[in-house]
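For what it's worth, numbering that gives the first Met the number 0 labels the leading residue of the sequence shown as 0, then goes sequentially.
Since the hints were derived computationally from the structure, they do not count as laboratory data. All C-beta atoms in this analysis are idealised placements derived from N, C-alpha and C, irrespective of residue type, glycine included. There may be inaccurate statements among the hints.
To be verified - Below, computed lysine to any residue pairings styled on SDA-like, alpha-carbon distance capped at 20 Å:
| hint | residue 1 | residue 2 |
| --- | --- | --- |
| 1 | Lys57 | Glu8 |
| 2 | Lys57 | Met12 |
| 3 | Lys23 | Leu55 |
| 4 | Lys23 | Ala34 |
| 5 | Lys57 | Val10 |
| 6 | Lys23 | Gly35 |
| 7 | Lys57 | Pro3 |
| 8 | Lys23 | Thr50 |
| 9 | Lys23 | Ser11 |
| 10 | Lys23 | Gly6 |
| 11 | Lys23 | Ala42 |
| 12 | Lys23 | Glu46 |
| 13 | Lys23 | Leu45 |
| 14 | Lys57 | Lys23 |
| 15 | Lys57 | Gly6 |
| 16 | Lys23 | Ala52 |
| 17 | Lys23 | Asp36 |
| 18 | Lys23 | Pro5 |
| 19 | Lys57 | Glu20 |
| 20 | Lys57 | Pro5 |
| 21 | Lys23 | Thr4 |
| 22 | Lys57 | Ile9 |
| 23 | Lys23 | Ile9 |
| 24 | Lys23 | Val7 |
| 25 | Lys23 | Pro3 |
| 26 | Lys23 | Glu8 |
Stated by the list, open to error - Estimated spans, in silico, between C-beta atoms of each pair:
| hint | residue 1 | residue 2 | range |
| --- | --- | --- | --- |
| 27 | Val7 | Ala27 | 34 to 42 Å |
| 28 | Glu31 | Pro5 | 14 to 22 Å |
| 29 | Gly6 | Gly43 | 38 to 46 Å |
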Amino acid sequence: MIEPTPGVEIVSMQPMLCTDEAWKDWLACDNEYAAGDRAAVEAGALECLNTIAIVLRKL
0 MIEPTPGVEI VSMQPMLCTD EAWKDWLACD NEYAAGDRAA VEAGALECLN TIAIVLRKL
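Construct the entire structure; sequences and hints are all you get.
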């Protein structure tokens, strides 16, 4: 979605190391959406999820 964008160059793209910690914090909060995500995570959804860091350069 990003690479074909005119005037944009991808400098780097990698998984972030904070994914597990971020999800743990999210699931521990009292947000109604977080409560809904708990069942999906317990069923193994984190194996399919990641947090990606992307650095772009405008050309």
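Evaluation of the provided hints:
no., hint, verdict
1, Lys57 <-> Glu8, "holds (6 Å)"
2, Lys57 <-> Met12, "holds (15 Å)"
3, Lys23 <-> Leu55, "violated (28 Å)"
4, Lys23 <-> Ala34, "holds (12 Å)"
5, Lys57 <-> Val10, "holds (10 Å)"
6, Lys23 <-> Gly35, "holds (14 Å)"
7, Lys57 <-> Pro3, "holds (13 Å)"
8, Lys23 <-> Thr50, "holds (13 Å)"
9, Lys23 <-> Ser11, "violated (26 Å)"
10, Lys23 <-> Gly6, "violated (37 Å)"
11, Lys23 <-> Ala42, "holds (15 Å)"
12, Lys23 <-> Glu46, "holds (14 Å)"
13, Lys23 <-> Leu45, "holds (11 Å)"
14, Lys57 <-> Lys23, "violated (34 Å)"
15, Lys57 <-> Gly6, "holds (6 Å)"
16, Lys23 <-> Ala52, "holds (19 Å)"
17, Lys23 <-> Asp36, "holds (11 Å)"
18, Lys23 <-> Pro5, "violated (37 Å)"
19, Lys57 <-> Glu20, "violated (31 Å)"
20, Lys57 <-> Pro5, "holds (9 Å)"
21, Lys23 <-> Thr4, "violated (34 Å)"
22, Lys57 <-> Ile9, "holds (9 Å)"
23, Lys23 <-> Ile9, "violated (29 Å)"
24, Lys23 <-> Val7, "violated (33 Å)"
25, Lys23 <-> Pro3, "violated (34 Å)"
26, Lys23 <-> Glu8, "violated (33 Å)"
27, Val7 <-> Ala27: 34 to 42 Å, "holds (36 Å)"
28, Glu31 <-> Pro5: 14 to 22 Å, "violated (40 Å)"
29, Gly6 <-> Gly43: 38 to 46 Å, "holds (39 Å)"
Consistency note: the structure conflicts with the earlier hints numbered 3, 9, 10, 14, 18, 19, 21, 23, 24, 25, 26, 28.
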